[in-house]
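Trainee: As a plain string of letters, each chain reads:
Number of protein chains: 2
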Amino acid sequence: MSHPVNGLDDVVHQRTRLGILAILNETTKADFSYLKNALELTDGNLSRHLTVLEDANLIEVQKGYEGKRPRTWVKITKLGKKALAYEVEALKTLVHRVERSR
Amino acid sequence: MSHPVNGLDDVVHQRTRLGILAILNETTKADFSYLKNALELTDGNLSRHLTVLEDANLIEVQKGYEGKRPRTWVKITKLGKKALAYEVEALKTLVHRVERSR
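Protein sequence lines correspond, in order, to chains A and B.
Take the first sequence: its position 12, counted from the start at 1, is 324 in my numbering, and no numbers get skipped.
Take the second sequence: its position 7, counted from the start at 1, is 319 in my numbering, and no numbers get skipped.
Only chain A is shown next, with the shape it has when bound in the complex (with noise of 0.2 Å):
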């Protein structure tokens, strides 16, 4: 059997495009503040990722107005809710190996 790690997809196990994942999969959208502010990110480091999920059709992004003030929401995707599934189940097969191991 190849090695747990061996299924792991680069642009959903990355530290932060993991946690944006998880945070989206929590809730119907979520602003561009709030996952700065949660996973403790710079505007420009949170773009740069939220583009790579956005090319890989994980989540949407829809740029809007809330009053005059410019807001950017954020969903995941079926697909996004789906890769997210795959990688926590890859994640639990590594954890139980690594636990057995001890």
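Quick caveat, the hints were computed from the structure, so don't treat them as lab data.
It is possible that part of the hints are untrue.
Straight-line C-alpha distance at most 30 Å; calculated BS3-like pairs for lysine-lysine [what the hints assert, rightly or not]: (1) B:K390 with A:K393; (2) B:K341 with A:K404; (3) B:K404 with A:K348; (4) A:K375 with A:K404; (5) A:K404 with B:K390; (6) B:K393 with A:K404.
Please arrange chain B on chain A, whose structure you already have, making use of the hints.
Mentor: Showing chain B alone in chain A's frame:
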């Protein structure tokens, strides 16, 4: 409470390096070819990740000969075991959180 991904260390969390540490945690030492095959890597790719782990004092690399054949052995350090255990605890927290939100 900070999001569980904020505690992850990229040196340990990166897919390939996580695999290297998980394998080394199961054994006294592993040779280069074994890791390369188990993790489906090229020589260059494995070397690069071993250097990152060695620079962080998470593994030890020993080059030697077996008969006339050059052989590279890799061992996890005490610090490497600690870092892996820490990563696994963070992953468990994350997995638990994602599963709770399904």
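Trainee: Hint by hint, note whether the structure agrees.
Mentor: Hint-by-hint comparison with the structure:
Under the criterion of a C-alpha separation no larger than 30 Å, the hint pairing K390 of chain B with K393 of chain A is inconsistent with the structure, at around 37 Å. Distance check on the hinted pair: K341 of chain B and K404 of chain A sit about 25 Å apart at the alpha-carbon level, within 30 Å; holds. This hinted pair checks out: K404 of chain B and K348 of chain A have alpha carbons roughly 23 Å apart, not beyond 30 Å. Pair hint K375 of chain A plus K404 of chain A does not hold up; C-alpha atoms about 35 Å apart against a cutoff of 30 Å.
Between K404 of chain A and K390 of chain B the CA atoms are separated by roughly 24 Å; this keeps the pair inside 30 Å, and the hint holds. Between the alpha carbons of K393 of chain B and K404 of chain A the distance comes to roughly 18 Å, so the proposed pair stays at or under 30 Å and holds.
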